Structures are given as C-alpha cells and as structure tokens.
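Peer 1: So you can see what is in the structure, the chains are spelled out below.
Protein chains: 4
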Amino acid sequence: MPRPPVWQNGEMSKGRLEGFSDGVIAIIITIMVLELKAPHSETPEALAPLVPAFLSYVLSFLYVGIYWNNHHHMLQTTNRVTGPMLWANLHLLFWLSLFPFATAWMGENHFAPAPSAFYGVILLMAAAAYWTLQQTIIAVQGPDSFLKKALGSDWKGRLSPLTYAIAIPAAFWSAWISQGLYVFVALLWLVPDRRIERALAGKAG
Amino acid sequence: MPRPPVWQNGEMSKGRLEGFSDGVIAIIITIMVLELKAPHSETPEALAPLVPAFLSYVLSFLYVGIYWNNHHHMLQTTNRVTGPMLWANLHLLFWLSLFPFATAWMGENHFAPAPSAFYGVILLMAAAAYWTLQQTIIAVQGPDSFLKKALGSDWKGRLSPLTYAIAIPAAFWSAWISQGLYVFVALLWLVPDRRIERALAGKAG
Amino acid sequence: MPRPPVWQNGEMSKGRLEGFSDGVIAIIITIMVLELKAPHSETPEALAPLVPAFLSYVLSFLYVGIYWNNHHHMLQTTNRVTGPMLWANLHLLFWLSLFPFATAWMGENHFAPAPSAFYGVILLMAAAAYWTLQQTIIAVQGPDSFLKKALGSDWKGRLSPLTYAIAIPAAFWSAWISQGLYVFVALLWLVPDRRIERALAGKAG
Amino acid sequence: MPRPPVWQNGEMSKGRLEGFSDGVIAIIITIMVLELKAPHSETPEALAPLVPAFLSYVLSFLYVGIYWNNHHHMLQTTNRVTGPMLWANLHLLFWLSLFPFATAWMGENHFAPAPSAFYGVILLMAAAAYWTLQQTIIAVQGPDSFLKKALGSDWKGRLSPLTYAIAIPAAFWSAWISQGLYVFVALLWLVPDRRIERALAGKAG
Chain A
1 MPRPPVWQNG EMSKGRLEGF SDGVIAIIIT IMVLELKAPH SETPEALAPL
51 VPAFLSYVLS FLYVGIYWNN HHHMLQTTNR VTGPMLWANL HLLFWLSLFP
101 FATAWMGENH FAPAPSAFYG VILLMAAAAY WTLQQTIIAV QGPDSFLKKA
151 LGSDWKGRLS PLTYAIAIPA AFWSAWISQG LYVFVALLWL VPDRRIERAL
201 AGKAG
Chain B
1 MPRPPVWQNG EMSKGRLEGF SDGVIAIIIT IMVLELKAPH SETPEALAPL
51 VPAFLSYVLS FLYVGIYWNN HHHMLQTTNR VTGPMLWANL HLLFWLSLFP
101 FATAWMGENH FAPAPSAFYG VILLMAAAAY WTLQQTIIAV QGPDSFLKKA
151 LGSDWKGRLS PLTYAIAIPA AFWSAWISQG LYVFVALLWL VPDRRIERAL
201 AGKAG
Chain C
1 MPRPPVWQNG EMSKGRLEGF SDGVIAIIIT IMVLELKAPH SETPEALAPL
51 VPAFLSYVLS FLYVGIYWNN HHHMLQTTNR VTGPMLWANL HLLFWLSLFP
101 FATAWMGENH FAPAPSAFYG VILLMAAAAY WTLQQTIIAV QGPDSFLKKA
151 LGSDWKGRLS PLTYAIAIPA AFWSAWISQG LYVFVALLWL VPDRRIERAL
201 AGKAG
Chain D
1 MPRPPVWQNG EMSKGRLEGF SDGVIAIIIT IMVLELKAPH SETPEALAPL
51 VPAFLSYVLS FLYVGIYWNN HHHMLQTTNR VTGPMLWANL HLLFWLSLFP
101 FATAWMGENH FAPAPSAFYG VILLMAAAAY WTLQQTIIAV QGPDSFLKKA
151 LGSDWKGRLS PLTYAIAIPA AFWSAWISQG LYVFVALLWL VPDRRIERAL
201 AGKAG
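Residue numbers (my numbering), protein chains in the order written: chain A, 1 to 205; chain B, 1 to 205; chain C, 1 to 205; chain D, 1 to 205.
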C-alpha cells in the first residue's frame with residue numbers, strides 16, 4: 001500500500017530546520033550556566049569569585065539570544081529549504097556551539113587578553129557564518145529576494161564584524177576596550193530592529 | 001523563482017517561541033538532576049547525604065513545572081508574537097536558567113541562610129520577569145485584552161513576589177521559615193487554576 | 001487591534017505537551033551517556049571497567065525508549081489536554097528524570113544489591129506515574145474512553161509493577177535475579193504491542 | 001463528552017518522531033563540546049593541548065550533521081510511521097548517542113590506535129542502524145517504494161561501511177590512515193546529494 005509522500009513546498013522541511021536549530025541553541029544557552037559552579041561555602045562572600053563568570057554568562061546569553069531572535073526573523077522570510085541552506089545553518093550552529101567554551105575560558109580568567117581576543121574570534125566566525133546563511137537564502141530567493149529588500153543596507157550586519165575585528169587585536173592592549181566593544185555590539189542589536197517585521201507587515205497589508 | 005513567504009498572522013512565529021521556550025525549560029528541569037551525583041559507596045546509607053540536594057531538586061522541579069504550565073496557558077491567549085515579547089520571554093528564560101545554580105548551592109549547603117535567601121532572589125526575579133512578559137502580551141492585545149480579563153485580580157501573581165520578598169530577609173533569621181514560604185507558594189500554584197481554561201472555554205462555547 | 005486567540009479544541013496545547021515531554025525525554029536519554037567517562041588510558045583494556053556502566057546504560061536506554069514509545073501512542077488517542085493531565089505528565093517526567101542517577105549508581109557499583117533495588121524503586125514509581133497519567137486521560141475521555149478500550153486487559157501494564165515489586169526485595173538476596181526481572185519486563189514491552197495502533201486503524205477504516 | 005482522536009494518516013506521529021530525533025541529535029551534537037574544557041591558564045598557548053580534542057569534535061560534528069541531514073531527507077519520503085520504524089529509529093539514536101564518548105576517548109588520547117579503531121566501530125554500527133531504518137521504511141512503502149527509487153544504487157551507503165571496516169583494523173597499523181578514511185567518508189557525504197530532493201521535485205512537478 002504505497003502512498004505518496006507528504007511534500008508541501010518544503011514547509012515541513014523548514015519546521016525541522018527550525019526545530020533542530022532551536023534545540024541546539026536552547027542547549028547552548030543552557031549549558032553555559034553549568035560553568036557557574038555552586039560554591040562549597042555557604043557564605044554570601046562565596047559568590048564574589050563567580051562575578052566574572054556570571055558577567056561573561058550574561059554577555060553570551062545576550063549574544064545567543066540575539067542570534068536566535070535574528071535567525072527566527074530571517075527564516076520567516078522564506079519557505080523553501082535547500083541542501084546548501086541546511087549546511088550553512090549547521091555551520092552557524094557549529095560556531096555558536098563554541099560559545100560555552102569561549103565564555104568559560106574568558107570568565108574563568110577574569111577577562112584576560114588572550115581569552116578576550118579568542119571570544120572575539122568566535123563572535124567574528126559566528127557573524128561570518130550568519131552572513132553566509134543569509135546570502136544562501138537570498139540566492140535561493142533570486143533577483144527579487146524578499147530578505148534582501150527587508151535587510152536594506154544591513155548596516156548592523158556590516159558594522160558588527162568590523163567591530164569584532166578591531167576588538168580582537170585591541171584585547172592585547174586593553175581587554176576592557178574589547179569587552180566594551182562586545183557590549184556595544186550586543187546593545188546595538190538589542191535595540192528593536194523592525195526591518196523584517198515591517199516588511200512582512202507591509203506585504204500582508 | 002521567488003515565492004512569497006508563508007506568513008499567517010504570526011502563528012508560525014509563536015510555534016518557534018513555544019518550541020524554543022520548551023527546549024530551554026526542558027533542559028533546565030533536567031540538568032538540575034545532574035547535581036545529584038551518584039555516591040561511590042554501594043550501601044543504602046550512601047543516599048542519606050543526598051537528601052537535602054534531593055529535596056531542593058523536588059522544590060525546583062515543582063517551580064519550573066509551574067512556570068512551564070503557566071507559560072503554556074498564557075501563550076494560548078495570544079496568537080501574535082512581537083519583538084518585545086521575544087525579548088521579555090528570553091528575559092524570563094534567563095532567570096529560570098539560574099535555577100540549577102541556586103538549587104545546587106542551596107542543596108549542597110543544607111538550606112543554609114545565604115543560599116536560601118539567594119534562592120528567593122532568583123524566585124523573585126523570575127516572578128518579575130514573568131510579570132513583565134504578561135504585561136507585554138496584555139499591551140499587545142490592547143484595551144480589550146483577553147489575557148487581562150482571564151487573569152482577573154491575579155491575586156496569586158501578586159502574593160507570590162510579596163512572599164518571596166518576606167522570605168529573603170527571613171532566611172537570615174531562620175532559613176526554615178523561608179523554605180516554608182517557598183513551599184507554600186509552590187502549593188498555591190499547584191492547586192488547579194482554571195482562570196484561563198475557563199475563559200477560553202467560555203469564549204469557545 | 002485585539003484579535004481572538006487561536007483555540008482549536010486544545011490541539012496546540014497537545015503539541016506543546018508532546019514537544020516538552022519529547023525534550024525532557026531526549027535530554028534524559030542523552031545525559032545518561034555522560035556517565036560513560038572516556039578513560040585516560042589509550043589501551044583497549046581501558047574499556048573493560050566501563051562494561052557495567054555500559055550495560056546499565058543499555059537497560060535504561062531501553063526503558064526510556066519504551067516510555068517514549070508508549071507515551072507517543074497513548075497521547076495519539078486523545079486530543080484534549082486538561083490541567084490534571086499536564087501535572088500527571090510532569091509527575092511522570094519527574095520519575096523518569098531520576099533514571100540517570102539510578103543508572104549511574106547501579107553501573108558504578110557493578111549491580112550491587114542496594115543500587116539494584118533502588119533502580120527497581122525508580123522503575124516502580126515511573127510505572128505508577130504512567131498509570132496515573134493513563135487514568136487521567138481515561139477519565140477525561142469519559143465512559144466510552146477510546147484509550148480504555150484500546151488498552152483492553154492491559155496485562156503488561158499490570159504485570160510490570162508487580163515484577164518490580166518482587167525484584168526490589170529480591171535484590172538483597174541476589175541482585176542478578178532483580179536484573180533478570182528488569183530485563184524480562186523490558187523485553188516484554190519490546191515485543192511489538194499493536195493494541196493502540198490496531199484500534200486506531202479500526203477506527204479509521 | 002468523549003471525542004474521537006485526531007488521527008490523520010500518522011502525520012502527527014511523524015512529527016513526534018522527527019521532533020524527538022531532532023532533540024536527541026541536538027543534544028548529542030552539543031554535549032560533545034563539553035569535552036573541550038576551558039584551560040585554567042590565560043595564555044594563548046593553553047589552547048594548544050586542546051587541538052586534538054577540537055579536531056575530533058569537528059569530525060564528529062560533521063558526522064552527526066550528516067546523519068541529521070540524511071535523516072531529514074529520508075523521513076520526507078514517508079508519511080507513515082509504524083512501530084518497527086520507531087524502534088529502528090531509537091536503535092539509530094542509541095549508536096549516535098555513543099559519539100560523544102568515542103569522540104572524547106579519541107581526542108583525549110591524540111588519535112591513538114585503539115580509540116581510533118573504536119571510533120570506527122561506532123561509525124560502523126551507526127551506519128548499520130541507519131541502513132536498518134532505511135530498509136524498514138522501504139518495507140513499509142511496499143514494492144513501489146518511493147525511497148528505494150530515490151536512493152538508486154545507494155553507492156555512498158554501500159561504500160561507507162566498507163570503508164569503516166577497512167579503517168578499523170588499519171588503525172592498529174597506522175591510526176592516521178583510519179583518520180584519513182573517516183575524513184574521506186565525511187567529505188563524500190558533504191558533497192551535495194540531491195537524489196531525494198530531485199526525486200521529490202520530479203514528483204511535485
């Protein structure tokens with residue numbers, strides 16, 4: 001009793017891409033907290049040495065949250081999922097999966113130069129992987145790419161990697177400048193960015 | 001061959017918000033159990049030192065379960081997902097992600113004053129984040145907010161943070177009073193709360 | 001611009017219940033493998049001491065797989081999700097979440113009496129929680145409960161807890177009898193059980 | 001008020017099979033990174049000893065990514081989920097769940113012979129389990145199996161286990177030959193394989 005497969009313009013396919021990505025991102029964001037080891041002492045002072053690890057956790061939580069948020073919006077502009085998109089997405093998840101490591105190294109060494117620079121390298125690679133995924137989707141959408149129009153000049157997407165590229169060498173001069181730049185980029189993305197929402201609303205209206 | 005994106009009143013969007021939240025909450029609830037380290041000895045007595053860690057695990061499991069349950073009902077009242085809602089939701093997940101740490105510190109130190117107070121701080125911050133998410137949804141729903149009506153006086157939502165605020169300083173006087181208050185609030189929410197279910201049923205009827 | 005909530009006979013609700021349960025069960029099944037710590041030595045002999053931990057992992061993987069499988073079939077008989085069902089489900093997940101701990105303790109102590117008995121206690125509690133969830137669904141479905149008919153005499157569901165109840169005290173006499181009984185029950189469930197599938201097929205036909 | 005269950009040709013069922021598999025695979029791919037322990041030293045040189053662990057992580061990430069990708073395509077050819085398929089799928093997930101262990105042992109021992117051979121054994125068992133799942137789906141689809149036609153000669157599926165079977169004993173002669181063979185097979189699958197996509201497109205066209 002053979003039956004034809006359910007195949008509805010790749011929609012289901014997209015559901016799995018999103019579901020898998022959500023799973024990986026959810027685990028990444030949650031295992032970072034495992035680095036905050038409960039102190040053996042019961043005094044409030046026992047929390048003090050954990051402050052750097054906590055701050056680096058907050059920063060990474062913000063970054064992973066921003067990636068999830070942007071990933072969510074980007075995929076809403078497409079309903080086709082192709083082989084190259086699956087791999088570009090896995091490539092992005094690979095670099096995001098190194099966030100817990102980079103966060104732990106930086107937090108444990110109190111924002112020392114090398115770990116701060118390394119954190120920037122991971123941020124830069126993740127940004128490059130995100131850009132690649134974006135370009136892959138735009139290429140699939142063709143000359144009238146909806147995503148391309150929604151992105152506009154994409155100045156945030158251009159400024160972020162540039163800032164990381166400055167922050168990486170700067171860490172060896174002053175790690176605090178690097179940290180300031182990382183926080184600056186995070187805040188840049190936290191400010192609501194309604195490009196895709198607005199474009200989609202315009203389309204629906 | 002460009003095709004228009006699938007965009008159905010934000011429904012898909014909500015699916016990802018729920019799926020991601022479920023993923024994070026599922027991981028939080030499960031990694032807490034990692035704190036229960038299998039004893040090296042094979043005697044039944046080897047389990048005795050784990051009792052405080054087990055009890056704090058049960059309490060946190062209840063709390064995370066309550067949050068999942070309420071989150072589930074709250075999101076059923078809306079089908080629109082906006083940028084601020086995504087961030088208010090991530091903010092809630094951030095505080096929930098600190099439950100494993102707070103639980104481990106409290107369990108390992110046998111409900112000592114400082115860890116007990118700290119646990120209350122995390123409970124309070126999570127409650128505040130939940131309230132913020134609730135207000136964000138109500139604001140999106142506008143003056144006739146369905147969620148607002150369903151919540152009614154929201155006395156549980158008001159009483160809980162107040163109780164935490166009392167339990168935090170009380171921990172330094174007697175940690176058992178704090179624990180009692182935490183258990184009291186958990187039981188308060190365990191008692192079935194049919195407000196949203198009833199309101200939705202009334203709507204459907 | 002208030003819009004009515006999407007409310008379709010609780011279907012969406014069920015999606016989240018399933019998704020959350022899948023997430024928790026997926027994490028439980030996967031973190032058990034973390035107990036298999038990679039040996040520091042590179043010789044093949046270094047794997048030998050891990051054999052008991054590996055065997056207890058296989059047994060627990062089977063049990064969690066059986067629970068996922070049965071949970072999957074049971075929920076297919078219903079499309080209503082009520083508050084008590086959410087809590088009965090969380091209660092089941094709570095006992096399943098203790099599998100990694102029970103597995104690690106038993107594996108590390110080479111199936112010693114107390115850990116073997118403790119493992120049986122967790123199996124028994126999980127079976128009781130599963131039974132409670134089953135009864136909750138049957139109660140919601142009312143006198144003509146489809147699930148109740150599909151289960152028939154439910155002899156496996158009755159025999160399993162009975163077997164655990166024998167295996168628990170037996171562990172202190174001979175842990176190998178208990179292990180044999182645990183394996184026996186697992187195999188019992190592995191043999192395809194088509195009751196619900198057949199009942200659903202009959203209904204559709 | 002009994003209501004008939006929602007039963008739509010097993011589609012929902014497939015959703016849970018995919019969702020659960022995605023969850024397990026997402027966790028497997030992410031916990032492998034936990035083996036990359038943040039060094040205590042803050043110098044860039046502190047990263048050097050981690051290079052073998054990092055390389056084995058990259059290799060395993062690729063393999064798990066390939067499995068996810070192929071699993072995704074394979075399940076798109078079917079919309080029926082049977083009991084044997086659920087178990088064949090769990091069997092595949094079991095072998096995939098041993099990747100973190102095999103990866104950690106190989107990485108920690110700098111690709112020594114025994115761990116390299118063991119890694120090949122896990123690859124071989126996972127390939128066999130994947131093949132079993134494939135055959136189970138083909139059997140369900142009957143004589144006109146869509147999946148069978150889409151796979152064609154399945155030369156990659158035949159060559160891969162053969163290569164692992166050579167690589168396993170070769171590890172004791174030269175572990176680098178084995179590693180080269182593992183990388184070779186991974187690259188083989190990375191090259192886009194459009195069989196199923198093309199077959200589905202042809203069907204839709």
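Rather than coming from a laboratory, the hints here were simulated on the basis of the structure. Hints should not be assumed to be uniformly reliable.
Copies of the same chain are indistinguishable here, so a pair counts whether it falls within one copy or spans any two.
[Said to hold, decoys possible] Result set (DSSO-like, lysine-lysine): computed pairs, CA atoms no more than 27 Å apart in a straight line:
#1 Lys14 to Lys149
#2 Lys148 to Lys14
#3 Lys149 to Lys37
#4 Lys37 to Lys14
#5 Lys37 to Lys148
Keep in mind it's a predicted model, so treat the numbers as computed, not measured.
Peer 1: Now, for every hint given, state plainly whether the structure supports it.
Peer 2: The hints, checked one at a time:
Taking the shortest Cα distances, Lys14 and Lys149 sit within 27 Å of each other both inside one copy (21 Å) and across copies (24 Å). For the identical chains of this complex, Lys148 and Lys14 are neighbours both inside a copy (19 Å) and across copies (24 Å), given an alpha-carbon limit of 27 Å. Within a single copy, Lys149 and Lys37 get their C-alpha atoms no closer than 46 Å, and across copies no closer than 42 Å, so neither meets the 27 Å cut-off. For the homomeric pair Lys37 and Lys14, neither the shortest alpha-carbon distance inside one copy (37 Å) nor that between copies (34 Å) is at most 27 Å.
With identical chains, the CA atoms of Lys37 and Lys148 are never at most 27 Å apart, being 44 Å at best within one copy and 40 Å at best between copies.
Checked against the numbered hints above, the structure breaks hints 3, 4, 5 and satisfies the rest.
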